[in-house]
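Trainee: The residues making up each chain are set out below.
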Amino acid sequence: MNLEHHFSRFATRRQLFRDCGIGLGSISLTHLIERDSCSAAETNGAMRVLHHPAKAKNVIFLFMAGGPSQLDLFSHKPKLSELHGKETPKEFIEGKRFSFLGKDAKLLGSSRKFKPCGDSGVEISELLPFHQKIADKLCFVHSMNTDVFNHGPAKIFMNSGNPQPGRPSMGSWVNYGIGSESDNLPGFVVLQSGPRGPRAGAALWASGFLPSQHQGVPFRSTGDPIVNLTSPASFSGERGRDFNDAVAELNRQRLAATGDSEIETRIAAYEMAYRMQSSAPELMDLASETQQTLDLYGAKVDAASYANNCLLARRLVERGVRFVQLYHTDWDHHGGPGQTLGKDLEKCCSQVDQASAALIQDLEERGLLDETLVIWSGEFGRTPMGETRNQKIGGRDHFIDAYTLWMAGGGVKPGVSYGMTDDLGLSVAENPVHVRDLHATILHSLGIDHQKFSVKFQGLNMRLTGVEEAHVIRDILS
Amino acid sequence: MIGTFGQIQAEDVGNPGDVGNPRDDMQYNRDVRPILADRCFACHGPDNEHREAELRLDRREDAIEMGAIKAGDVAGSKLIQRIGSLDPDVVMPPPQSGTLSPAEKAVLETWIDGGAVYQKHWAFEPVVNLSPPTLSDVTWCQNPIDHFILKRLQDEGLKPSEKADRAVLIKRLYVDLIGLLPTTQQVAAFLGDQSSNAYESVVDELLRSKHYGERWARHWLDQARYADSNGYTFDNARVMWPYRDWVIDAINEDMPFDEFTIQQLAGDLLTEPTIEQLTATGFHRNTLINEEGGTDAEQFRVEAVIDRTNTTGIVWLALTVGCAQCHNHKFDPVSQHDYYSLYAFFNNTADKNNRGPEVTVRNPNEQKIAELEQQLAALRIEEKNKSAEELPDPEQWTLLTPIESSAASMASFETLEDQSLLVSGSNTIEDTYDIEYRIEQGTVSAIQLKVLPHKSLPKGGPGRAGNGNFVMVDVQLADSEGNEIALDELAIADYSQDSHDISLAVDADPNSGWAINTNQKGNVAHWAKFVLVNPVVFNKPTQLRLKLRFNQGSHPYNLGRFQLLSSPKRPTMADQISVRRKALEAKKRSFEAGRVKSMVMRELEKPRPTHVLTRGDFLRPGDPVSAAFLNDLHSLPMADRPLNRLDLARWLVDAGNPLTPRVVVNRMWQKFFGVGLVETVEDFGTQGSVPSHPALLDWMATQFMGRGWSRKEIHRLIVTSATYRQASDVRQELQGKDPLNRLLGRQSRLRVDAEIVRDLALAASGKLTPTVGGPSVYPPQPAGVYAFTQKKKSWPTSQGADRFRRTMYTFFYRSSPHPMLTAFDTPRFNVTCTRRGRSNTPLQSLMVANDPGFFELAEALADRVLAEKMTTEDRMQHMFRIALCRSPVQNETAFLERFLQNQKNKFMEKEKESKSDSLRHAWVAVARVLMNLDEFITRE
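Sequence order for the protein chains is Y and F. Residue 23 in our numbering sits at position 23 of the first sequence, and the numbers go up by one each step. All you need for our numbering is the position in the second sequence, starting with 1, plus 1000.
Please keep in mind that the hints were generated in silico from the structure rather than gathered at the bench. Mixed in with the good hints there might be a few duds.
To be verified - Here are a few chain Y residues that sit away from chain F, every Cβ distance over 10 Å (derived from the structure):
id, residue
1, Glu94
2, Gln164
3, Asp224
4, Pro337
Unchecked claim - Only part of the chain F face toward chain Y is listed, based on derived beta-carbon distances under 10 Å:
id, residue
5, Lys1163
6, Ala1167
7, Val1889
We put the CB at the ideal spot given by N, CA and C, even for glycine.
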């Protein structure tokens, strides 16, 4: 695959179809372009044909920004509680790097109660009662590991496989490769909740060297979801239509004079923008949901919350949007004010627990879970040792050697736990899964072979999974 | 400068992709290497770590020695035997990597049959000075460029296009050279200029324009990854605009490119460098800084050095040296050892993540600082000589009762029992409180302001900012008649925040003031005392008026609760001189804060050792290395001392370097034609694309050096060629043979860069502020941009002239750039960019159609033409010419006039607008349509 054609003209109708931003579905210029009918393995993206049959069509990535503590949520370590307050074995500390932790850090057992849940008996902490109820629908990976331990670089790494900004994010890769099925909405949408945006900002959903129409589009939870969606006052409604028609008419005249097919694309882009002006607000309007559904998530009409965003995520994949990413911030529980493993962690959990579980249930009830891969993860986990801030041990430092995430839906085995850490949660004991393996697995479930999916850029065949080894985690796939 | 290359008759036989027929004369670079590089070199190439069976096929002697190739003997060559084998254990490439096609096998056979002649990769061969090809008919040609282009077109049986319309030509020149629209007068003058050099005159004029430097600086700044913030997590603002201005100036002065290179890479190593030369080294300080807590500064220093190495490789050499960061380059002659030898040049600077040297570029207050220093010196002497003779009276403060209070913002005041005023209600960015106090008969020598907390205030106050702080920029006192009672510049407070000393509230500067850092000191009471220049004696009870002004600049920082007291005596300032000295020092610091400093490079005195980093990991240093050139590429006599950045810079622009001049002219070509002669402008290595016109590329490179590395000369050469002046309309016969237009049988229509999209709208609106350089500005941006960033950025939307500056001056936060820029493919400047994307998306449509920043320009264009006394027909013509730089054709005029009428009727009938409002709105609608046309944002 080569980027070169993107920098030049659209050579074919199909390419035009593929390249104009949001997958040109039912554009009105039927005399110029007809909708191609795709067979199951064909795509709207640069790959044209899937590498193998897909298990999932869409991805919803629930990004818990800051790094949730796996030891207080999913990774029950009685031994750690037993050794609570003791020195950490020397051999472990040496050679490891932490952002804030000193070498004399003491082990910190979790104060949370865990209970075995569902048929699988997977242990989940009391902080996540709604998760406890759907345990059998989830697939836990307890052996995640990553390369970088500062928030910005680690988030960029989780998204692009590289700690420095500049590479395409996975949502961009996916949209570039297989396109989107939405005619009226961007193929990669980003939603945000929590007290502030995620560190590193737009680098997390940037398209890097891929064409910029594949970058993630942030949707704001209130007001105009997309920047500049609303026409200027007194230029909306009928005059909005008049405006578009006038621009199209004059563009068509220029097209006739110059023969430049780029003008066709421009006309189509304006047409789609016009349709987005109604499709995006329609998407955001939760009033059309039943009270029962709103209650399931804990969502409220016209509010901004993680719960609302989860419900929006379902509405987005329902409408064919390929990749949805939710950021929920403030999981960085070091122990200082506002960062304790006490009430601050409780708060984060209560903000996401119900809605995350509701999303899985709702997708399932609507028959969407089979075709949607849901991932719940931070950029890293947190240390088994406690961190001292303000003379109190109230938190944990960043930890990249072993942490937990869960997945559900889209070809992932439900009720499974994969990978293990040692009794203290200090190292992976079995089946390590690197972020690259996660990337390979996400791509695999979408019908993409990560090794074959490359783009030539600056002399290299660039891949989401980079040049190091990466393995699809086949054991968790159904 | 260009040495004594023989003149060789040129014939361009490059391969522009799909064009042309297969040739029977097999050439290694054109025909064979692509196959070997793609299918064989990964295991049998320059990378010795991953080499299989000790075999390398990239060097003839090795391939022959191992028996893989027997020159002239196809059947006897093992290479041919293996690629043709049917045995899956024997066949090469291995079956899982895919076999060669029959056509590819045939190429290799023909090549070996012909003697297996190797060639050095074209880009590593020296630049050859070629004279343009001879043609039988040169009437179309304007300069030698055209000979190369025409020859190639003729070989393919194609003809060039007609010259573009003159109106198209002048817009093309303006947009390409200065990035602005010509005015209607400039278009008319050109259309009316019948002289033979009319076109050349416009070219010369534009090359002299100060805006030329802006337009071409922006292209360079893409490569320099210039931005106004640190990147990564916090992405705080940084000052780098002096570097940006240096680039603009250097390009306007047509600084030779070799000099331009040396100053940016090593200006600090020149003898007695000037401030400008130091500023130039900001080029490599544009790297990212991670300000996140708990970072390892060394890690991010190493990342910066890696980025400097990679950027240098791409910008000057178009070599992807970064591939060799972790392992030997698989395709190009750059080993990992070579990489760290190059890295060593940059590994010796003083900067380390968030700390690094700066140069003071300018200081508007130098004079005032000097004066203050004199006063301070005098005070210090006085202080020294002074004994403790002055034992002041005890203070006698009387609480004053407020009678009337008002605020410019209409905020409300409530008088509490302790006679303090509590403010509530309106809370604006700037506010002035005007309070009248009752004052009894007697003398007033000083006043005291007590700022007090209160539970109704944010965090408890005393201020009304979110954290309870305030910024009081001015204090004034007047009598009941309104006559000002002058306050001494001397003031004292129990506490002042850094850079917000109390004395700043009584100085002449309305932008500086007193604040109390509640984050550190908490939300507690403080006091400030002010001394009257001359004590005032009141013979009867009367009123005293106090005026307090607040202004933090971007957020409301007003005071929430306060009391006023007066004293008949000068206050107890036990040590008046020290108070006075502190006030002066604070003032001096605030003047010094006005200094503009730019980040620069500085070499460490004691060199930092460099090691190969195993797999690029800074925690795993390997063998030590020292700075060295890529000698396989081009060598220079070695100095008898360790090499430094200055040596590297000189090596890059040495006339014998085969890459730099080719790379630079190729990027110029890309800007004028949309695609470079070598399409992969960032990669001239063996994995890059081959030049469409190799002889032309070398001729241009030779001209560039021969004309003293002058960019303006090469730009002039290109834009005065017949090739450049062709029409861009698509021609069917070209589409068939050359759909990507690599043979240049026509010009191309190119959507302009993001900055220029808005600049053209600014130009058409008549609002453009043409000021060159200075601090970055904050044009309007849509609300909610920072909903997705970790820290909200300060975006004090520019008012007045700065609102309409060219878009290259828009403040660029890497984590949250202005949405208009990213919608139109501006890179994020985390890494170097030599080629921008050119997408065409609905988000762009929404941006130009609905963004308030664009809409106000459409309104301005409408108002601009409405201000002229004209008929409707003339007005429509005028607006069209302003926006599109040409006259409308009949269909366009007819359509637009109908549209105008229709919109006017609708505004009147459906929106019930008055006749004049609906007329204006209808013209705004027309202006908005014109600015949204494809043609408006396209260079045709």
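Trainee: None of the hints should be skipped; say for each whether it holds.
Mentor: Here is how each hint holds up against the structure:
1. Glu94: Non-interface label on Glu94(Y) holds, nearest chain F Cβ at 13 Å vs cutoff 10 Å.
2. Gln164: Incorrect as stated: the minimum Cβ-Cβ distance to chain F is 6 Å, not above 10 Å.
3. Asp224: Nearest chain F Cβ is 7 Å from Asp224(Y), so the label is violated.
4. Pro337: holds, 12 Å
5. Lys1163: violated, 15 Å
6. Ala1167: Violated: closest Cβ of chain Y sits about 13 Å from Ala1167(F), beyond 10 Å.
7. Val1889: It holds, given that the least Cβ distance between Val1889(F) and chain Y is near 8 Å, below 10 Å.
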